[in-house]
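Top line first, the protein sequences correspond to chains A and B.
Using UniProt numbering, you'd call the opening residue of the first sequence number 1 and step up by one each time.
Using UniProt numbering, you'd call the opening residue of the second sequence number 1 and step up by one each time.
It is possible that some hints are incorrect.
List time: in silico DSS-like cross-link candidates among lysine-lysine, alpha-carbon distance up to 30 angstroms [as the list claims (entries may be wrong)]:
1) 20(B) with 127(A)
2) 58(B) with 159(A)
3) 20(B) with 148(A)
4) 50(B) with 161(A)
5) 58(B) with 167(A)
6) 58(B) with 127(A)
Rather than coming from a laboratory, the hints here were simulated on the basis of the structure.
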Amino acid sequence: MENLTISDPPPPPLQHGGPGGMPPVLGRAPPPPQQLPAQMFTTAAQLLDLTDKKLMVALRDGRKLLGILRSWDQFANLVLQSTRERIFVAPGTAPDQPRGLYADIDRGLFLVRGENVLLLGEIDLDKDDDAPPGYDLAEVEVVQNLSKQRKQQDKTKEKQKVKMLAKEGFEGENLGEILL
Amino acid sequence: MLFFSFFKTLIDHEVTVELKNDIQIRGVLKSVDQYLNIKLDNIQVMEETKYPHMSAVKNVFIRGSVVRYVHLPANAVDIPLLEDATRREAANQAGKGK
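Isolated chain B, as found in the complex (with noise of 0.2 angstroms):
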């Protein structure tokens, strides 16, 4: 749950998702779910005249099965907050483990 969280955290932020078909699409990250399913805003995709069929789409839903990268904007994360939500999560999975 620990990416869902952070995503969570980012809701607001323009971000640019590259999914598996190397189709880029930048734009407001709206929502995110348990899946890492994300909704984007306000798109623009890169290499627009090599996707046509985006021309006339404003949002967009994202499988997260199909997502290889969310670039994200660095000064929305919070490193240590992150660092630490990580470090919680492994005692976590360790305790789970016992």
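The following block holds chain A by itself, in its conformation from the complex (with noise of 0.2 angstroms):
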């Protein structure tokens, strides 16, 4: 892995104005787009801010995962200390639940291959406590009931889509994989 920190000083150095010249601190950088360091236009730069922050990391089977990452290489291939995997059920899954409900299950250490991750989001710990609006806290048998309810509504649906999109000659963009 390059070892480069976007704390590095820049190849060029073009600094005007600020004496002895700022630091390219990520995120407090001197004015766009002009005079930014290379540097901070790498896979590892933008990662880096993110390691050891609490993460929401969004895979590509629609699992959502909580954790700390703690190590990435430049793929996004990422480790991830003590997560866990949140499961949310949309309202109106059962007929008698007006709210959406949500879950948690501890899964530990994770390492995640790069080509699953959707996106990564940095978790506004303000906000971490508060249940997403219109959602509440269930037990986890509860939610993932529901959830493997859901799945198979979800699939009997796309399925019934996919065969009247076909009859028409369409094929569809992601035939036969349902992304969440």
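Using the hints, put the two chains back together into the complex; each one sits in its own frame.
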């Protein structure tokens, strides 16, 4: 792995203004876009300031993981510590369920292969303890069962949709794979 | 490298990124890299109630491979410059092919 950090000095010392020149710290960079240091625009620089933060990682199979980012590489392969998987069920999955539900499952240490990552979100710690609007914390078993039910419903719906589209000669962009 | 350079000129502008799973995220473009991975700050998710997992998230790193569209602010795009850069890139590519 390259050993560049964003606090390394930029290659061309073209600093204007600021006695001694400002260190190119991400987030407090000098006015864009002309003189931004090239190493700011690497995967490494982008992930560096997410390191050791609590993140929400959305995976390609629809799973949401919450954990602390400890290590990574240029492919966005990730190591997450104290990971919890959070499952959500949208409101209306069960007939008598006006609000959404969610539950956390402790998963421990995760190594995620980069290709499976959709996005990483840094969690605002002020909002971390609040339930998402319209959602309540519930028992893991309850949420897991509802989630299974939901997936089945979605699958059936998707199958019908694909069938109808296929009848008209359409082929979907991600046939056979429901992205969540 | 054309689009990499192009996105670099849009740093600090507000863009909307639409992912292949249909989620749309609006935020200030903070960084981009060679894979067109994108970092957005101060994000806001369209149809927020459909994506409860994003409610406590303030900034995101989006893997370039899952992006479907990036909606750009039209007034932040220097079209003559982009056309020029495109021609130069095309000329470069043609030169390499020979």
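* Going straight from one Cα to the other, do residue 58(B) and residue 167(A) come out at no more than 30 angstroms? -> This hinted pair is violated, its Cα atoms lying about 43 angstroms apart.
* Please work out if residue 50(B) and residue 161(A) have their alpha carbons no farther apart than 30 angstroms. => The hint holds at about 20 angstroms.
* If you draw a straight line from the CA of residue 20(B) to the CA of residue 127(A), is it 30 angstroms or shorter? -> Holds. Residue 20(B) to residue 127(A) sits at ~27 angstroms (cutoff 30 angstroms).
* residue 58(B) and residue 159(A): Cα distance at most 30 angstroms? -> 35 angstroms, violated
* For the pair supplied as a hint, residue 20(B) and residue 148(A), is the alpha-carbon distance within the 30 angstroms limit? -> 23 angstroms, holds
* Asked: Holds or violated: residue 58(B) with residue 127(A), Cα cutoff 30 angstroms?
  -> 10 angstroms, holds
Of the numbered hints given earlier, the model fails hints 2 and 5; all others are met.
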